[in-house]
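Enquirer: Kindly generate the complete structure, drawing on both the sequences and the hints.
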Amino acid sequence: ILNVEQSPQSLHVQEGDSTNFTCSFPSSNFYALHWYRWETAKSPEALFVMTLNGDEKKKGRISATLNTKEGYSYLYIKGSQPEDSATYLCALRSGYALNFGKGTSLLVTP
Amino acid sequence: DAGVIQSPRHEVTEMGQEVTLRCKPISGHNSLFWYRQTMMRGLELLIYFNNNVPIDDSGMPEDRFSAKMPNASFSTLKIQPSEPRDSAVYFCASSLVGGGTYEQYFGPGTRLTVT
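Going down the list, the protein sequences come from chains B and X. Under this note's numbering, the first residue of the first sequence carries the number 7, and numbering increases by one thereafter. Under this note's numbering, the first residue of the second sequence carries the number 5, and numbering increases by one thereafter.
Keep in mind that the hints were calculated from the coordinates and are not lab data. Only a predicted model underlies this, so the values are computations on that prediction, with no experimental measurement involved. Just so you know, not all the hints are guaranteed correct.
What the hints assert, rightly or not - Listed next, the in silico DSSO-like pairs over lysine-lysine satisfying Cα-Cα at most 30 Å (straight line):
{"id": "1", "chain 1": "X", "residue 1": "Lys28", "chain 2": "B", "residue 2": "Lys84"}
{"id": "2", "chain 1": "B", "residue 1": "Lys65", "chain 2": "B", "residue 2": "Lys84"}
{"id": "3", "chain 1": "B", "residue 1": "Lys48", "chain 2": "B", "residue 2": "Lys63"}
{"id": "4", "chain 1": "B", "residue 1": "Lys65", "chain 2": "X", "residue 2": "Lys28"}
{"id": "5", "chain 1": "X", "residue 1": "Lys82", "chain 2": "B", "residue 2": "Lys75"}
{"id": "6", "chain 1": "B", "residue 1": "Lys48", "chain 2": "B", "residue 2": "Lys75"}
{"id": "7", "chain 1": "B", "residue 1": "Lys48", "chain 2": "X", "residue 2": "Lys82"}
{"id": "8", "chain 1": "X", "residue 1": "Lys28", "chain 2": "B", "residue 2": "Lys48"}
{"id": "9", "chain 1": "B", "residue 1": "Lys48", "chain 2": "B", "residue 2": "Lys84"}
To be verified - Chain X regions said to be covered by chain B (calculated; three or more residues, Cβ under 8 Å):
{"id": "10", "stretch": "49 to 55"}
{"id": "11", "stretch": "105 to 119"}
Glycine included, C-beta positions come from ideal geometry on N, C-alpha and C.
Expert: Take a look at the structure:
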């Protein structure tokens, strides 16, 4: 099982702040890294899939990078909005299945 | 597409009773995953199927838990007998593996409370 660590566990920012959080992993022995966004009382939704060292993905104000050599991925949110409040999950895929971290819970207040 | 469908959305039962959770994956997907979400452990993979065949059930907590996928459009997760520590949200997800991104699409979850 690939160990996935996410930090911080929770984060509270003001509307308009930019923020980032980390997914770290001890080994690059996986096929892909996935980011999911999970709003309270809803189900996780896929944000990004990254496979190669140096990959960068962007969707609106949210972007992610992958560094397999140093064992981390960053998720960035530019100009946070209250609707960005959610838990952001990182997962590694080594076969068919995904191994999820425990997530970073983001709260954006007006 | 309606997405992944789970039923029931909420289930309250007494300890010792049998509980059956149901999942309909997205049409065309060939893999199905059952997860359990708790505060302590986060999102845990219980079991997954590929082409209706169980591939890895090492996450199933114990013999009280069983899962089946009789066809490509239906799966069940059964707990018998249920215990209070089984209280959690159970998610089903489906995916198209082999040639795609392997993104998993999650259902709305079933919130199980065992009293």
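Enquirer: Hint by hint, where does the structure go against what was stated? Just the numbers, ascending.
Expert: Violated hints (numbers, rising): 1, 5, 6; every other hint is consistent with the structure.
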